[in-house]
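Knowing the structure of chain P, use the given hints to seat chain V on it.
Number of protein chains: 2
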Amino acid sequence: MYRTHTCGELRIENVGKTVTLSGWVQKNRDLGGMTFIDIRDRYGITQLAFNMETNSKLTEDARKLGREYVIQVTGLVTERYSKNKRIPTGEIEINVEELKVLNKSDVPPFTIEDKTDGGEEILMKYRYLDLRRNPNQQALMLRYKMSIEVRNYLDKQGFIDVETPVLIKSTPEGARDFVVPSRLHHGSFYALPQSPQTMKQLLMVAGYDRYYQIVKCFRDEDLRADRQPEFTQIDCEMSFVEQEDILNTFEGLAKHMFKVFKNVEFNEPFIRMPYAEAMEKYGSDKPDLRFGMEINNITNLGKGKDFKIFDDAEFIGGICAKNISDKFTRKQIDKLTDYVKRPQIGAQGLIWLRFNEDGTLKSSVDKFFNEEDLKKWADSFNAQPNDILFVVSGSKEKSLKILGELRLELARQLELFDNSKFAPLWVVDFPLLEWDEETKRFYAMHHPFTSPKPDDIELLDSDPGKVRANAYDFVVNGVELGGGSIRIHDSELQSKMFKTLGFSDEEAQEQFGFLMNAFKYGAPPHGGIAYGFDRWTAMFNDSDSIKDVIAFPKNNSGKDVMLESPGTISNTQLDELGLKLK
Amino acid sequence: MYRTHTCGELRIENVGKTVTLSGWVQKNRDLGGMTFIDIRDRYGITQLAFNMETNSKLTEDARKLGREYVIQVTGLVTERYSKNKRIPTGEIEINVEELKVLNKSDVPPFTIEDKTDGGEEILMKYRYLDLRRNPNQQALMLRYKMSIEVRNYLDKQGFIDVETPVLIKSTPEGARDFVVPSRLHHGSFYALPQSPQTMKQLLMVAGYDRYYQIVKCFRDEDLRADRQPEFTQIDCEMSFVEQEDILNTFEGLAKHMFKVFKNVEFNEPFIRMPYAEAMEKYGSDKPDLRFGMEINNITNLGKGKDFKIFDDAEFIGGICAKNISDKFTRKQIDKLTDYVKRPQIGAQGLIWLRFNEDGTLKSSVDKFFNEEDLKKWADSFNAQPNDILFVVSGSKEKSLKILGELRLELARQLELFDNSKFAPLWVVDFPLLEWDEETKRFYAMHHPFTSPKPDDIELLDSDPGKVRANAYDFVVNGVELGGGSIRIHDSELQSKMFKTLGFSDEEAQEQFGFLMNAFKYGAPPHGGIAYGFDRWTAMFNDSDSIKDVIAFPKNNSGKDVMLESPGTISNTQLDELGLKLK
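In order, the protein sequence lines correspond to chains P and V. Numbering that gives the first Met the number 0 applies: residue 0 is where the first sequence begins, and numbers increase by one. Numbering that gives the first Met the number 0 applies: residue 0 is where the second sequence begins, and numbers increase by one.
Bound-form chain P, shown alone:
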């Protein structure tokens, strides 16, 4: 037996007991007469005491123990002289009588402390050591507890976890599928699911009514910040539901999670904001509602003053930054201008209007707009002295997006993000389709199984871009934590949808025939949602990156630097798969 107790278990009540502990050497302090060692495991830290006077041989052995040695000790639980109130075992220590080194350790490449001295590269290479650090253990523990809480909540709601296959069908549409060559059937490939979307729909057709799964999904895309090639979803689907049924059910789950893990209670329903409104007010389909600074449309006020840029613009609008004019320098404004002119954002320029504390107005377009004109702007924004307005113009769609980015950048600079605050909402009524200029065709904004709003179905032929979907995203603090839709359950409507998306009948049949066939045999009305489990955990863990809440994440180029994966395979293996490298 390696231990009678864990390193986090002993208390003052245990004094006088002989115990055995096993764990890692966290600290080794030689104070001359006494040597103290902190022994650590997942459950905590216990102080070990070695006395040079009473047992010099053992104490000398103890002094030799390096950091991260794995040891086993037996000794008497004793009350400490100087107690440590910061740890639960801080009132006791172990007077060690026996010491055994279970395993040695080389000096770790970085310190196993809350704040380590290791850089990201080295931490990832030695992830098994990085994972020993407290913040990481807490993150994975939080993740685990969240998963349990989700499961118990959904279980009580009658959902059942059904495992869907990982080796599924590759489709030509699935340009971002990871594929798996078949050894038994040369030239054929499985694909890893980007989500169990079609499988869970089949489960609804099969009558399972309420399904969930905490499931790995895979996407082989160029990795942007904070994406992983494999990620985890809380994937759910329900039958005989309308959009509100799903929102209510999963709002319940979200509220429960906020209560349990953040002690935040939401007594009102979450806001349901139409996509169009989110775009108009926040220039984003995932607005951060922790602060205001809404977009204001001043197209009418900006026109007709011979300012050609405005006169030519479809849209003129801006945001109002409150009470900063005295502190926000011209240089800062210039930097902000540079920020929005970066190609990723693409503004042509940024017009500003200072509402001075003395009530006067000063703008970058004084040449075209007199004080009275500008006053009208300020009024339309409800601006107060010491505010600054920032205004852009151009196409409406682009201007809103620029203002959305500007709003977030200003919030960063003005420190308006409060991580202790949570502002959840549902963004609803997404457009069903997105037009792609390059390929001159419509794409499904969510996926091709999303149902149009019944009122908009007739627009599918006449004006597809106007059709709104029964689709919704769950957004918290500007982060999309989940999304879903009511699905099409009618095989004719599904065919029509594929046609609108430019699929020939043959293509649709080849790729999704199994689903369209299934719909012929009594598919129930159904819909669902998937929460991004990594992102949600990262938010609750107050982490900037989902890597913090994944045991063995890959780096930004999709590599596991610890495993050195992906790696080469042998020619024999390639032969067996019927493949050649190009």
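Hints in this document: simulated from the structure, not taken from any laboratory. Quick reminder that beta carbons are idealized off the backbone N, C-alpha and C, glycines included. Treat the hints with care, as some may be off.
To be verified - Straight-line distance between alpha carbons at most 27 Å, and here's what the computed DSS-like set of lysine-lysine pairs gives:
id	chain 1	residue 1	chain 2	residue 2
1	P	K519	V	K99
2	V	K340	V	K307
3	P	K321	P	K375
4	V	K285	V	K395
5	P	K99	V	K579
6	P	K155	V	K155
7	P	K155	V	K261
8	V	K99	V	K56
9	V	K114	V	K82
10	P	K124	P	K26
11	V	K124	P	K498
12	P	K144	V	K144
13	P	K103	V	K452
14	P	K144	V	K155
15	P	K302	P	K321
16	V	K374	V	K321
17	V	K99	V	K285
18	P	K395	P	K374
19	V	K465	V	K498
20	P	K124	V	K307
21	V	K103	P	K519
22	V	K155	P	K16
23	P	K579	V	K82
24	V	K99	P	K452
25	V	K124	P	K519
26	P	K155	V	K258
27	V	K420	V	K465
28	V	K579	P	K581
29	V	K340	V	K395
30	P	K124	V	K519
31	P	K26	V	K519
32	V	K103	P	K495
Claimed, not checked - Not close to chain P: a few residues of chain V, all C-beta gaps over 10 Å, as computed:
id	residue
33	A48
34	T77
35	F265
36	L300
37	I323
38	F367
39	E563
Then chain V, alone, in the frame of chain P:
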């Protein structure tokens, strides 16, 4: 709102209430004046009543509803005249006032009944319809409940679920790895894990102490009966444990599961049977202990009677089939002989000895053995009148295996398998290594991380084949439900093990360097187990095949005939992956 209640919910107390139900048409019976429809969902079946006299239009509509139509009805809950005691809703019916067809259904290719008329091929192709059948819904529900029970049990024992990656490193040893070509790094491949073995060991190095995961694993092997390319394990690992700690912990889980799901209580510890004993007594490392018929060694009795086959044999042994001689014909014995002579089993022949009811003995080797000799045989088997002995000879290893197969075949024929009985045991002390004649080298019997028994380590150099491992299997009714081992946690011993297995230092470093490196930084003693979740569920579901308890299984050639997977991918996709078909 599609429903106020499910189809399994209404009782006599609800009489007088107006309710709305949604579900599938299970049955449609036109009795002239009345039409009765059974409406079905996951929760049950409710009878709908339509009265021609009071509402002829609605009743006519109802008569047109085909099997598997999806309908929504509103009506009054009414007490039935003739009650159906076999279903929970059998005391009531719904007097339908409104009927809406939510979706039509083509006539299903087979009946959605407990006993269907569909063959396996068609059931798999239309798996979403097959899954509507009761036995399948019950199987998946059982699977789900088992998963919840496992999670709750392990949670209480301090285990935490940590997700390990699915895209890991491919190793040349992993001939049965599924590989995933990387689009970002041409010529490089990820592999899908055959088990999270090394990852969970790293979690132990990282100090996670008690890990579990219900996790998909992948093996690209020629599919034998009842194997799937993807399968699910209850995967566990513990630190600071010896073999007995693991056996006790997971025996606890097994007993709990037997109690909850089969109402079988085991009050004694499970038998721990050394591998050598299992082979000697049952000719199998997964003995079925529901019945006796143990192997008896009569090598001494068989020699020296000029029967050359016996005189040349290393081993002579047999089994005794009790009380069948009067019923078991010569023809049956001949068939049994043919059975063991099949190439898969490989016996040269089968010798029999009848212990007649009158006390006389008759054997197929009367030429060489007189009545007195044969009496000795019978005594050594404790045979009684009316028993038959079956005897084989040859090399010991092969003879034991033949007798093991013979024992099972006899049990099948004599109907000794009782599926209501459970005979669990631990098979322990497996050999560490297996010699392969073909490649003239040792292979790890479990995997190369299994630790040898400390007492046997010195044999690693002198007689590797004799080394026993700290490895164990959990066996129930002749099925291996799980297995595991205490792992090596010492990097030197691990290197030595790789050397014994014929790895060069470079090969070992290239393939398992990450693990050997990890072991340098204070790896704790650790070990674990993996239960085969599919098999366990199949056993509790009284299913012969794990396919019965998998939502979307693949067929015996690894194909998903519903999805038509694996399938081809486009040349563009191949190009992007830097691959060519051979």
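Evaluation of the provided hints:
Pair hint P:K519 plus V:K99 holds up; C-alpha atoms about 17 Å apart against a cutoff of 27 Å. Between the alpha carbons of V:K340 and V:K307 the distance comes to roughly 19 Å, so the proposed pair stays at or under 27 Å and holds. Using a Cα cut-off of 27 Å, the hinted pair P:K321 and P:K375 holds, with the two alpha carbons roughly 17 Å apart. Proposed proximity of V:K285 and V:K395 is supported: the alpha carbons are some 18 Å apart, at most 27 Å.
For the suggested pair P:K99 and V:K579, the alpha carbons sit about 57 Å apart, so the restraint of at most 27 Å is broken. Distance check on the hinted pair: P:K155 and V:K155 sit about 19 Å apart at the alpha-carbon level, within 27 Å; holds. Taken as a hint, the P:K155 and V:K261 pair is honoured in the structure, with Cα atoms around 23 Å apart against an allowance of 27 Å. Under the criterion of a C-alpha separation no larger than 27 Å, the hint pairing V:K99 with V:K56 is consistent with the structure, at around 13 Å.
Straight-line distance between C-alpha atoms of V:K114 and V:K82 comes to about 24 Å, which keeps the hinted pair within the 27 Å bound. For the given pair, P:K124 sits about 24 Å from P:K26 by alpha-carbon distance, which is consistent with the 27 Å threshold. For the suggested pair V:K124 and P:K498, the alpha carbons sit about 25 Å apart, so the restraint of at most 27 Å is met. The suggested pairing of P:K144 with V:K144 holds, with an alpha-carbon distance near 19 Å, which does not exceed 27 Å.
Simply put, P:K103 and V:K452 have alpha-carbon atoms about 21 Å apart, close enough for the 27 Å limit, and the pair holds. Between P:K144 and V:K155 the alpha-carbon distance is near 12 Å, which keeps this suggested pair within the 27 Å criterion. Restraint check for P:K302 and P:K321: the C-alpha separation of about 25 Å stays at or below 27 Å, so the hint holds. Taking the CA atoms of V:K374 and V:K321, the gap is near 16 Å; set against the 27 Å cutoff, the hint holds.
Taken as a hint, the V:K99 and V:K285 pair is broken in the structure, with Cα atoms around 56 Å apart against an allowance of 27 Å. As the CA atoms of P:K395 and P:K374 are separated by approximately 23 Å, the hinted pair is consistent with the 27 Å bound. A hinted pair counts as satisfied when its Cα atoms are at most 27 Å apart, and V:K465 with V:K498 qualifies at roughly 17 Å. With a CA separation close to 65 Å, the supplied pair P:K124 and V:K307 exceeds the 27 Å bound.
Proximity of V:K103 to P:K519 is assessed by CA-CA distance (about 7 Å); at most 27 Å being required, the pair is judged to hold. The hinted pair formed by V:K155 and P:K16 meets the criterion: a straight-line CA distance of about 25 Å does not exceed 27 Å. Restraint check for P:K579 and V:K82: not satisfied, since their Cα atoms lie roughly 69 Å apart, outside the 27 Å limit. Proximity of V:K99 to P:K452 is assessed by CA-CA distance (about 20 Å); at most 27 Å being required, the pair is judged to hold.
For the given pair, V:K124 sits about 14 Å from P:K519 by alpha-carbon distance, which is consistent with the 27 Å threshold. For the suggested pair P:K155 and V:K258, the alpha carbons sit about 22 Å apart, so the restraint of at most 27 Å is met. Restraint check for V:K420 and V:K465: the C-alpha separation of about 35 Å exceeds 27 Å, so the hint is violated. Among the hinted pairs, V:K579 with P:K581 is consistent with the structure: their alpha-carbon atoms are about 6 Å apart, no more than 27 Å.
Only pairs whose Cα atoms come within 27 Å are accepted, and V:K340 paired with V:K395 is accepted, the gap being roughly 17 Å. Proximity of P:K124 to V:K519 is assessed by CA-CA distance (about 14 Å); at most 27 Å being required, the pair is judged to hold. At roughly 18 Å between alpha-carbon atoms, P:K26 and V:K519 fall within 27 Å of each other, so this suggested pair holds. With a CA separation close to 18 Å, the supplied pair V:K103 and P:K495 stays within the 27 Å bound.
Against chain P, the non-interface label of V:A48 holds: every CB pair exceeds 10 Å, the least being about 22 Å. Against chain P, the non-interface label of V:T77 holds: every CB pair exceeds 10 Å, the least being about 23 Å. Chain P leaves V:F265 outside its interface by the beta-carbon criterion, the shortest separation being 24 Å against a cut-off of 10 Å. Distance check on V:L300: its Cβ is at least 46 Å (rounded) from any Cβ of chain P, clearing the 10 Å threshold; non-interface status holds.
The beta carbon of V:I323 sits about 43 Å from the closest Cβ of chain P, which is more than 10 Å, so the claim that it is off the interface holds. At the 10 Å boundary, the C-beta of V:F367 stays outside the reach of chain P, the nearest C-beta of that chain being 50 Å off. The Cβ of V:E563 sits about 6 Å from the closest Cβ of chain P, inside the 10 Å cut-off, so the non-interface label is violated.
In this structure, the earlier hints numbered 5, 17, 20, 23, 27 and 39 are contradicted, and the remaining ones agree with it.
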